[in-house]
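Protein chains: 2
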Amino acid sequence: MITRTEAQAMDQADKLAHKVREFSLPKGVIYLDGNSLGVLPLAAVERVKHAVEIEWGRDLITSWNKHGWFELPRKAGNKIARLIGAAPDSVVVADSISVNLFKVLSAAVAKRPGRKIILSDSGNFPSDLYVAQGLASFMADGHELRVVEPEAVMDAITEDVAVVMITETDYRSARRHNMKEITAQAHEKGCLMIWDLAHSAGAVPGQLMDVNADFAIGCTYKYLNGGPGSPAFVFVHPRLQNEVLPALVGWWGHAKPFAFGQQFEAAEGITRMQCGTQPMLSMQALDAALDVWADVDMNELYAKAQAMCALFTELAEQRCGANGISLFGGRDFSTRGSHVCLKHEQSYAIMQALISRGVIGDFRAPDLMRFGFAPLYNSFVDVWDAVEHLAQVLDGKLWDTAEFRERKAVT
Amino acid sequence: MITRTEAQAMDQADKLAHKVREFSLPKGVIYLDGNSLGVLPLAAVERVKHAVEIEWGRDLITSWNKHGWFELPRKAGNKIARLIGAAPDSVVVADSISVNLFKVLSAAVAKRPGRKIILSDSGNFPSDLYVAQGLASFMADGHELRVVEPEAVMDAITEDVAVVMITETDYRSARRHNMKEITAQAHEKGCLMIWDLAHSAGAVPGQLMDVNADFAIGCTYKYLNGGPGSPAFVFVHPRLQNEVLPALVGWWGHAKPFAFGQQFEAAEGITRMQCGTQPMLSMQALDAALDVWADVDMNELYAKAQAMCALFTELAEQRCGANGISLFGGRDFSTRGSHVCLKHEQSYAIMQALISRGVIGDFRAPDLMRFGFAPLYNSFVDVWDAVEHLAQVLDGKLWDTAEFRERKAVT
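Chains as they are written, first to last, in the working numbering: chain A, 492 to 902; chain B, 492 to 902.
Heads up, some of the hints might be wrong.
For chains that are exact copies, the list does not tell them apart, and a pair is met inside one copy or across any two.
Claimed, not checked - Here are the computed lysine-lysine pairs in the DSBU-like style, where the Cα-Cα straight-line distance is at most 30 angstroms: (1) K671 with K747; (2) K607 with K747; (3) K557 with K834; (4) K602 with K671; (5) K747 with K834; (6) K518 with K506; (7) K602 with K557; (8) K602 with K506; (9) K566 with K607; (10) K680 with K566; (11) K518 with K557; (12) K602 with K680; (13) K834 with K602; (14) K602 with K566; (15) K747 with K566; (16) K518 with K671; (17) K540 with K510; (18) K518 with K540; (19) K570 with K540; (20) K518 with K834; (21) K510 with K566; (22) K566 with K540; (23) K540 with K557; (24) K747 with K570.
Everything labelled a hint here was simulated from the structure, so no lab data went into it.
Bound-form chain A, shown alone (with noise of 0.2 angstroms):
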């Protein structure tokens, strides 16, 4: 069984493990929800304060120029680009992730006119399910939502299919969807392609434009720790960014927006799927955290993501198998997002007791333990500690402060 002295080691031996100084930690906690809303940096503080202080208390509507407002959603975008493998200039920051859905969504089904299907699996995160039967229900001509299991997927993509609409990494299990292979079929068909990246933005290599994908959104507020409900973001292929119009278009989208012309005129490139106004103080923020990412190697992050969630399973079956913890997905991490679930009927009251002692990891009903690692912030020795609480929970053991402050003092 591995040793704290040997996370430790691990530790040291992590090319990342600096990265952590650039972000404000809550002390005496350890965070594995960076899967659900990260954790602050350092450079959000001071850029949200610019942005109030200055850019709207004392600047105002000039800001709008003078700091950057309107070229912020495109800018942002950008740094996004490559973290998920898509082209400069084929993302853009606005909105919700389930409003950029509903954009694409709409954009694609009206280019398959002829096609009625929606193709999802159960595996996908339940609001995305929710736009699309929100706008099929709208339609009310035929259209329809299919959900099949994830397996399933490679299969049901057929010639009746207009979208296929799949989350790449599941906010349970964390397997990954094969983009490659489902992007090829999906083409194959003549269907369109959109992927969800929700769960892999900031967690895993980006792949979109090797994967020739149509479509791809995803929020900004996980491994991006853009703040809570930050902008999400949009992708569309450079091949199709002036093909494409979704039914929810607005003045960011209109070619020229100051002309104030009665007609909508969409504009070039990505910049059509922006909408309206965007919340500035939530952008500044998200732009702050992006810069985080500028010196990060997305391969070597996800080597770590992945030794992380190793380590974890692994100790955790060691150490808690015999209490009825068992791992909820598989164990190629290769294959796998940045996050662990682990399976118990006492799920919810054990993750209760695990945030009481400041091990933050979040339920999922109705018998999930969700435990997400970010590279960029969490450490091997987290990962160990973490592990060390539970199997104490578990054992019904009384939390021993002195102990554990011994064992925080050697690292």
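With chain A held as given, fit chain B onto it using these hints.
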């Protein structure tokens, strides 16, 4: 002609004069653009700092409950409700004004399946027209946007119209439509009525329940001072809330969001008008900004707005009429919003000159200068001084700093 001393006397008699102390106003600036971006409330500075450092930074994911993030859209909505004449629990804050318009417009057209016309007028803000065009174009079943002149709206409300979509206060002329008359006519003809309150909310007394409006939308970054791009609001009349469903639905509008069910099931009430996760830093700034309104009487506020508009117009005509300045829009300020547009063929240059002197209004193509008067923080002396600057610019006078400083010292 009213003297500066008389304007000072008006400020001394103004019951709202003390409210300016709740804002952070930039030094040396007469800010007459609160109808574009409202100034920074002091409470927002502290609130955002707390949201960043304590809520995001320290409490992280637990803040969704601990700091009421989930409730915030409805809590802020209820603060807005009184200001716009809405019933409790009939307003929610979310997304942008364009996205909210898309929600209510799609919900409305779905309720009138036999009718194909969306009626609006040429005084509407162009982005609203774009949203309707985008929706109609997507539907591709004969739906179309019909745009008539503002004076022709009443006659154009006929039985082939599904939805009447009108902005109460014209963003240029400030002309207010008669909400009661138009809504009654819409209902008489079996149409649904959507009001856009972008230039009304926080400027004129609310009437939504009084006029029996079906839907309304509005933005919060103008007179409500919610900050740059702060999330917008959406109102649905209580009698309709459970009867309508937008094309755009999502997780936050689900009856049981945390059950993670695969089927969308709309929440009761206004909650279903929510879709995805909201930008919490911007949302917290807005919520703090709304507290400034708690003790504001909307009739008192509107009385001051009218008095400021009247003073500005009178002085501008008296002092600058000979220089080719004319009023764009009528002079019965009881039927207008809280801004005034002046027309001059050199409006662009004149506005630049004013801005360089610290008088901030905005230019609206092709030849308008727009001046917004925010009764919470603008004074009658601001109005007087703004016209003094305008007169000096038009007379080609250089700015006499010493003279102005002396004047300011008197206040």
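Structure-based check of each hint:
Taking the closest pair of Cα atoms, K671 and K747 never come within 30 angstroms of each other, the shortest separation being 37 angstroms inside a single copy and 35 angstroms across copies. Proximity of K607 and K747 under a CA criterion of 30 angstroms is satisfied inter-copy only: 28 angstroms between copies versus 34 angstroms inside one chain copy. For the identical chains of this complex, K557 and K834 are inter-copy neighbours only, at 26 angstroms across copies versus 52 angstroms inside a copy, given an alpha-carbon limit of 30 angstroms. For the homomeric pair K602 and K671, the shortest alpha-carbon distance inside one copy (22 angstroms) is at most 30 angstroms, but the shortest distance between copies (42 angstroms) is not.
Taking the shortest Cα distances, K747 and K834 sit within 30 angstroms of each other only across copies (23 angstroms), while inside one copy they are farther apart (54 angstroms). Proximity of K518 to K506 under the C-alpha cut-off of 30 angstroms is restricted to the intra-copy arrangement: shortest distance 23 angstroms within a copy versus 48 angstroms between copies. In the homo-oligomer, the alpha carbons of K602 and K557 never lie at most 30 angstroms apart, since the shortest distance is 39 angstroms inside one protomer and 44 angstroms across protomers. Taking the shortest Cα distances, K602 and K506 never come within 30 angstroms of each other, neither inside one copy (46 angstroms) nor across copies (59 angstroms).
Proximity of K566 and K607 under a CA criterion of 30 angstroms is satisfied in neither setting, with 36 angstroms inside one chain copy and 40 angstroms between copies. For the homomeric pair K680 and K566, neither the shortest alpha-carbon distance inside one copy (35 angstroms) nor that between copies (48 angstroms) is at most 30 angstroms. Only between protomers do K518 and K557 lie at most 30 angstroms apart by alpha-carbon distance; the minimum there is 18 angstroms, versus 38 angstroms within a single protomer. Taking CA atoms no more than 30 angstroms apart as the test, K602 paired with K680 passes inside one copy only; the shortest distance there is 14 angstroms, against 36 angstroms between copies.
When the C-alpha separation of K834 and K602 is checked against a cutoff of 30 angstroms, the pair qualifies neither within a copy, at 42 angstroms, nor between copies, at 45 angstroms. In this assembly of identical chains, K602 and K566 lie within 30 angstroms of each other by CA distance solely inside one copy; the values are 28 angstroms within and 40 angstroms between copies. Taking CA atoms no more than 30 angstroms apart as the test, K747 paired with K566 passes inside one copy only; the shortest distance there is 19 angstroms, against 36 angstroms between copies. With identical chains, the CA atoms of K518 and K671 are never at most 30 angstroms apart, being 42 angstroms at best within one copy and 57 angstroms at best between copies.
Both within a single protomer and between protomers do K540 and K510 lie at most 30 angstroms apart by alpha-carbon distance, with minima of 22 angstroms and 24 angstroms respectively. Within a single copy, K518 and K540 get their C-alpha atoms as close as 22 angstroms, and across copies as close as 19 angstroms, so both meet the 30 angstroms cut-off. For the homomeric pair K570 and K540, the shortest alpha-carbon distances inside one copy (21 angstroms) and between copies (25 angstroms) are both at most 30 angstroms. In this homomeric assembly, K518 and K834 come within 30 angstroms of each other (Cα to Cα) only inside a single copy, at 28 angstroms, whereas the closest approach across copies is 60 angstroms.
Within a single copy, K510 and K566 get their C-alpha atoms as close as 23 angstroms, which meets the 30 angstroms cut-off; across copies the closest is 38 angstroms, which misses it. Both within a single protomer and between protomers do K566 and K540 lie at most 30 angstroms apart by alpha-carbon distance, with minima of 20 angstroms and 25 angstroms respectively. In the homo-oligomer, the alpha carbons of K540 and K557 lie at most 30 angstroms apart both inside one protomer (16 angstroms) and across protomers (23 angstroms), since each shortest distance falls under that limit. Taking the closest pair of Cα atoms, K747 and K570 come within 30 angstroms of each other only inside a single copy of the chain (25 angstroms); across copies the shortest separation is 35 angstroms, beyond that limit.
In the structure shown, a violation is registered for the earlier hints numbered 1, 7, 8, 9, 10, 13, 16, in ascending order.
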